[in-house]
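Asks: Protein chains in written order, with our numbering: chain S, 8 to 365; chain Y, 477 to 724; chain H, 443 to 521.
Think of the hints as simulated: they come from the structure by calculation, not from any bench.
Be a bit skeptical, because a hint or two may be false.
[Said to hold, decoys possible] Once the Cα atoms are required to be at most 30 Å apart in a straight line, the calculated BS3-like pairs of lysine-lysine come out as:
| # | chain 1 | residue 1 | chain 2 | residue 2 |
| --- | --- | --- | --- | --- |
| 1 | S | 359 | S | 329 |
| 2 | H | 468 | Y | 662 |
| 3 | Y | 662 | H | 476 |
| 4 | Y | 627 | H | 476 |
| 5 | Y | 485 | Y | 662 |
| 6 | S | 197 | Y | 676 |
| 7 | Y | 718 | H | 476 |
| 8 | H | 449 | H | 476 |
| 9 | Y | 478 | H | 445 |
| 10 | S | 247 | S | 203 |
| 11 | S | 203 | S | 241 |
| 12 | S | 197 | S | 163 |
| 13 | H | 492 | Y | 627 |
| 14 | Y | 721 | H | 476 |
| 15 | H | 449 | Y | 668 |
| 16 | Y | 699 | Y | 668 |
| 17 | Y | 676 | S | 203 |
| 18 | Y | 668 | H | 476 |
| 19 | Y | 668 | H | 480 |
| 20 | S | 15 | S | 203 |
| 21 | H | 492 | H | 468 |
| 22 | Y | 699 | H | 480 |
| 23 | Y | 485 | S | 203 |
| 24 | Y | 626 | H | 468 |
| 25 | Y | 668 | Y | 478 |
| 26 | H | 468 | Y | 705 |
| 27 | Y | 718 | Y | 662 |
| 28 | Y | 676 | H | 476 |
| 29 | Y | 626 | H | 476 |
| 30 | S | 53 | Y | 676 |
| 31 | Y | 617 | H | 449 |
| 32 | H | 449 | Y | 485 |
| 33 | Y | 676 | H | 492 |
| 34 | H | 476 | Y | 485 |
| 35 | Y | 699 | H | 449 |
| 36 | H | 449 | Y | 478 |
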Amino acid sequence: MSEKVLMKGNEAFAEAAIRSGCRYYFGYPITPQNEITEYMSRELEKVGGSFVQAESEVAAINMAYGAGAAGGKVFISSSSPGIALMQEGFSFICSTEIPLVILNVSRGGPGVGTIQPGQADYYQATRGGGNGDYHLFVYAPSSIQEAVDMMPKAFKIAEEYRNPVMILADGMLGQMMEPVILPEPVPAIKQEDIPKAKPWALTGTNEARPHNVIRSLYLVAEELEARILELDKKYQRARKELVEYEAINLENAEVVFVAYGSTARITEEAIDLLAEAGINAGMIRPISLWPYPYEAFDKIPSSTKAVISVELSRGQMIDDVKIGCCGRFPVSLCSRVGGMLLTPQEIAADAKKVLGVE
Amino acid sequence: MKTVFELTKGILPEETTYCPGCTHGIAHRLVMEALDEEGLLGKAIGVAPIGCSILAHRYMNVDMCESAHGRAPAIATGIRRVQPDKIIFTYQGDGDLASIGTGEIVQAAHRGEKFTTIFINNAIYGMTGGQMAPTSLVGQKTTTSIEGRKKELSGMPIRMAELLATIDGAVFVERVALDTPANVRKAKRAIKKAFLVQQKGLGFSFVEILSTCPTNWGYNPVKSLEWLKENMIPYYPLGNLKTPKEVE
Amino acid sequence: MAKGLVKFDEERCKGCELCVSVCPVKIIALHETKINSKGFRPACVLEADKCIGCANCAIMCPDGAISVFMREEGDEADE
C-alpha cells in the first residue's frame, strides 16, 4: 500500500494515470491544468512511455486517437476551451471504439472566460459537442483522493467498453493540495502483447491476417444505422452498470441539494449550517454524470419540499435533476459563475429562501 | 513466360469507386508496390483522411485508419509512438493537407516525425464536387471560383513541397507527377526513397504527386493528363527538393 | 510473334483510355461494341502480335486491369 503524500491535484492525477498503466500522453498548455502536462513531460519517459507536446488540442486528440488505435493506453488532459477543440475527436473515437481517458480541469467560460474553476462544461461533457449519436462516460470526483481512485477504474472501463471515459474535475481540484494515497502501479502492456490483447488494433498485418481498418464512415445508411444500434447496446449496458452516486441524509430531508465535484464538498458544509438552524437538508452527489444517477432521486421522500441544483454554471445539470425528480418536486438553481465559488453560507441562505424561512 | 507486370498483392481485389481515369488508382498502386517490393506490407500502417481517398482502406492491403479532415499527420504521430518499428504513411489530398491540415503537416515536419506523407495534389476538392483548393491555379474555374481563381481574393496557389522543404525536420521532399509512364516510374522511385528514409529513421519524408481529377476539371482522363502537364508542372516544378545524404 | 503479351481484365476496366494514349505501338483501343457489366466499353488489344511488352499500359492503368508478360524461348506459340 502506497504511503500518504501531500500532492497538488494536477500532479496526483498525472501520477495516478501513469500508475494505471498509461504510457502515452499528448498535451497542450492550458491553465489551470499545466502541471499535468509538465509532470508527464518529466515522468512518462522514465517509465518507457512517450510524451508529445502537441501543436494544439485538435492535434492532441488526434494523436490520442492514433495511439489508441495502435493499441496504446492513452491519457490526455485539458481545460474547457481545449476540450471544446477536442469535440470532433471524441465523436471519431467513440465511433471507432478506441479506449481513452480524458481529464478536464474545467474553468469558467464561455469563450476564453477565466482560469478559475467552473462547472459550465456539464452540457459539453454529457450532451456532447461532437457530431452524431455517441456518449462519453463521465465521472466527477470531489476530492483529489477520489480522482486518483477513479483513474485505474476509468482505464479499466475505457478498455472493457472500448469507449472514452472523461474525468470531469475543476480548477479547484487541480490546483489544491491534499494528502492522497496513490494507487499501486500496474505494469504497462508491452508492444508485442498488443495484437493478442487488442486484435482490432493497428499493429501491422505481418502478412498473416486480414488488414484491420479503423473507420467511422459508413456510406450505406442501413450499415450506419446497424452500427449505431450496435454502439447503442454498449450505452444501454453502461446505463445499467456504470451509475455511481452518493446519497446523504435524504430521509426526512426538507430540502435536497444536488451537487457534484468540489461544489458538493461546499454543499456538505451548507448542510451542517442548516442543521444548526434546525433545517434538515440532504444531498445527492452524482459521481457518474453520464450515465446520470436518475434512480437516486427515487430515494427522495415525498415529504421533501424542494430540490436545489447547486452548480458553478447558469444551470446545466439542473436539466438532469428535473428529469430525475420527474415533476415530484420544485427544482431551483443555486449558482455562481465566472470563476466565482459558492460559499456554504450562500448555499444555506438559498435553501432558506427556497423554503420560505429565515 | 516472364511476368513483366502484375498487380501487387498490396492492392485488394475490390474494384475502386474512383472515377474512370482518376490517378488515385495509380498512386495507390505505387505506394503498395513500394511497400511490397521491400517486404514491408506486413509492417505498414496507413492513415487516409477525408477526401475521395478516405476509401483507400478498401483497396490498400495494410492496416488502415480513417482520419478527420487534415488530422492524418497527428494520427500518424500517435501511431508512431505506440508502434515505433512499423512503416507509417499518410495519404492526403490537397484540400486536406494544404487547407484544413496545414497546421498538422507543418508541425509533423517540424518535429521530424518518422512517417511518410503521400500528398495527392490535383488542384481541386474532388469528393465534395469540385470546389477551389489552395492548390487550384489562378484562372482555374471551380464551383467556388466560377470566374476562375483570382489572386486578389484567394492568393496564389500554395506550393507545399517548397514550404515543407524549408523545415529542418522534413529531410526528404520531392515532387513528382503521374502524367506519363516515365513520370509514373519516377514517382515510384521517389516513394520508395521516402520509405527508405523512414526505415533509416532519418526524419519526415514527403512526396507531392501531381494528379488529375477528370470529373471536376471537366476534361476526359487523357486530356486531363495533358492539362496537368501544360498547367500544373510549370507552376509546381518536378524534382527533388531535399534528400538526406544517407540515401542519395 | 510478339515479344510481349498483355491480358486485360475487361470487368475491371472503366474505359478511361489512359492505356490507349500511352501504348507506343498504338495497338490498344476501346472495344467497338462490347460493354462490361459496369457499362464501360473495355480496352482491348487490336494487334497482339505487335506488343513489345513495355508495360506502359499497365503502369498507367488506375484499376489494375492489365497484366503484362514477356515471351521467352520455348514458350508455347499462342499462350
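Asks: Does each hint fit the structure? Answer for all of them.
Replies: Results for each hint:
no. : hint          : result
1   : S:359 / S:329 : holds, 20 Å
2   : H:468 / Y:662 : holds, 23 Å
3   : Y:662 / H:476 : violated, 35 Å
4   : Y:627 / H:476 : violated, 47 Å
5   : Y:485 / Y:662 : holds, 21 Å
6   : S:197 / Y:676 : holds, 23 Å
7   : Y:718 / H:476 : violated, 49 Å
8   : H:449 / H:476 : holds, 16 Å
9   : Y:478 / H:445 : holds, 11 Å
10  : S:247 / S:203 : holds, 29 Å
11  : S:203 / S:241 : holds, 22 Å
12  : S:197 / S:163 : holds, 17 Å
13  : H:492 / Y:627 : violated, 50 Å
14  : Y:721 / H:476 : violated, 53 Å
15  : H:449 / Y:668 : holds, 27 Å
16  : Y:699 / Y:668 : holds, 28 Å
17  : Y:676 / S:203 : holds, 28 Å
18  : Y:668 / H:476 : violated, 39 Å
19  : Y:668 / H:480 : violated, 34 Å
20  : S:15 / S:203  : violated, 37 Å
21  : H:492 / H:468 : holds, 9 Å
22  : Y:699 / H:480 : holds, 23 Å
23  : Y:485 / S:203 : holds, 25 Å
24  : Y:626 / H:468 : violated, 41 Å
25  : Y:668 / Y:478 : holds, 24 Å
26  : H:468 / Y:705 : holds, 21 Å
27  : Y:718 / Y:662 : holds, 16 Å
28  : Y:676 / H:476 : violated, 50 Å
29  : Y:626 / H:476 : violated, 45 Å
30  : S:53 / Y:676  : holds, 25 Å
31  : Y:617 / H:449 : violated, 39 Å
32  : H:449 / Y:485 : holds, 17 Å
33  : Y:676 / H:492 : violated, 44 Å
34  : H:476 / Y:485 : holds, 29 Å
35  : Y:699 / H:449 : holds, 25 Å
36  : H:449 / Y:478 : holds, 13 Å
Violation of the numbered hints given earlier is confined to hints 3, 4, 7, 13, 14, 18, 19, 20, 24, 28, 29, 31, 33; the remaining hints are satisfied by the structure.
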